[in-house]
Amino acid sequence: MSGVPLEPVYGPDDDVAVMGDYPGQYPYTRGPYASMYRSKLWTMRMFAGFGTADDTNWRFKEIIRSGGDGLSTAFDMPTLLGLDSDDPMSLGEVGRCGVAIDTLADMEDLYEGIDLGATTTSMTINSPAAPIFAMFIAQAEKAGTPRARLGGTLQNDILKEYQAQKEFVFPPRQSMRLVRDTIAFTAAEMPRWHSVSISGYHIREAGSTAAEELAFTLANGFAYVELAMKAGLPIDSFAPRLSFFFNAHIDFFEEIAKYRAARRIWARWLRDRYGAVAERSLQLRFHTQTAGVSLTAQQPEVNIVRTAIEALAGVLGGTQSLHTNSMDEAMALPTEKSARIALRTQQVIAFETNVAHVADPLGGSYFVEALTDEMERQAEELFAHLEVLGDGSMLEGCIKGIEDNWFQGRIADSAFDLERKINRGDRVVVGVNRFTEGNDERPMDLLEITNEDEARQLKRLDAVRHDRNHAAVTEVLGRLASEAADPEINLMPTLIDAAGAYATLGEMMATMGTVFGRHVEVPVI
Amino acid sequence: MSERILIGKVGLDGHDRGVKVVARILRDAGFEVIYTGLFQTPATMAAAAVDEDVDLVGLSMLSGAHMTLAPAVVEAMRAAGSNAPVVVGGIIPDQHIERLKAAGVAAVLTPGAPADQVVAVIREVLDQAAAAQP
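Those protein sequence lines, which keep their order, are chains A and B. Taking this note's numbering, the leading residue of the first sequence gets 240, the next gets one more, and so forth. Taking this note's numbering, the leading residue of the second sequence gets 237, the next gets one more, and so forth.
Excised from the complex, chain A in its bound form (with noise of 0.2 Å):
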């Protein structure tokens, strides 16, 4: 799919890096742990987000009851971008792609009745991580549970998001400093708790080659390492909270071969340039989610096929925890059944195939090896230029990358691509391009989100509005924007005093914002 030329068989003339190196040893290539699922099985953890919180925190309920064990929760798009229901640019979107949060009010109802020491939760959140992550611990901490026992994973990797997934909104620089605030903060207090959780699949999804989601996505991940160490950081006091996140895309092989070459590279950069030293802050682990783009329109069902494939890759490639789309997500969010059914899709992978019982069963497979190979070759490539570019600094190298519109060029032309090789036909696409009796079949029931959702949102944010002591938000805010103007306070605290406040989502981000500014991207075609 990346186009890396394949040689009809591999055996032994092919020179390739590591045979003999064991599961758990250093560099980590065949899993970070040697017994790896023998121990513990994947974490099959699926991603959930929609209405109001009441509608999710259900959701989230029926997925404990079917046997997940892990929540992920996804926001809509005003939340993503810390904006209140009621902001006029939230019209039509609230509560439509995920769960809308505008205050502490939403959070407490969001996790409702569930045991937030006993599972582990994930957040997607990255321009508004610090204040979303600040109302989660002020309501765990309300219903009983103390920061220090909270475990899970904040998205918070606001470099793709200029890259890929564009949902931005200070500029870089400044959404850095908030970046480098709660890697500081949970280090000192969230021993159980990833603050970052550097994402590859939105770049991919956005278009890029299996090689650049790799390449550009432990560039980040360099780029968030440097950023903690020039905060005074010491590597091994916050490296073993940063945790990956991949998508399974299509092409099996490659991608295996790519969580293969990441959990190796990831290895050797932190020890040889890094200087880590602890075992955790070397060992690369890695949460998948199978590739929605992959996903058809036309004959929904066949894409119960292609993300169990996909799921497969994720589970050989060695992945710590999974999500598997929904045949129906290429029209609209899932059904309660066909989210149901990709989640059968694991257990069937986990509990009938038997492939989670011997670690790394590729390794020393000739093929996969020397593909793991060329994966780690056109990675160090990428590296070398952002390493140009930035002036030996990879945290410069991504930043500068961002801001002349190299990453983004880059994946609309391996966008565009892969489009022109499907619309020839050299590239097949069931059901698209090929094989497509049967699409004009009757089309599937599919989730309807009503307008209603978004009326009983701006309800209920009018009321807290209302309700709050309006003298202690207007003082919290107030420190907030003075911290905010002082680079060297970390705004963690303050920011957990204000959502304890009652102060809505788009207050904090609008007081920040008068300090930090708006980015603004110059679109490249």
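Some residues of chain A that are not near chain B, with every Cβ distance over 10 Å (derived): (1) Val248; (2) Gln264; (3) Arg416; (4) Ala720; (5) Ser721.
Below, a sample of chain B positions facing chain A; criterion: calculated Cβ distance under 7 Å: (6) Val257; (7) Arg260; (8) Leu274; (9) Ala301.
Please keep in mind that the hints were generated in silico from the structure rather than gathered at the bench. Fair warning: this is a prediction, and the values are worked out from it, not measured in the lab. No residue lacks a Cβ here, since even glycine has one placed at the ideal position from N, Cα and C.
Chain A is already provided as a structure; the job is to place chain B on it using the hints.
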């Protein structure tokens, strides 16, 4: 002179893979393409349609807000004095297509539409609009 097409992303949806691919497809097909970038409102789309004197407006919508935002763009354009037809592309469930057309959207392109179909639909909408001119 080639026809001018304004392509935009309205609302908060940041998914811009499709819009960029379609912009290139139309440019390669000989149209003059202007891309607004992200986070437009119905008012900014209408203003750009008038200022750029475009022949057609394309909206890329993947967040599910199309039933609210697409009719609002059509209405804002008509109020601002642009009669250019509006084509919507993206994740649009089948049952919404007729409702969008009733609200003044000229055509809808859904996931998997091949390049030649995109060009053909745009061509047809432009020809119909030209024929309807007094």
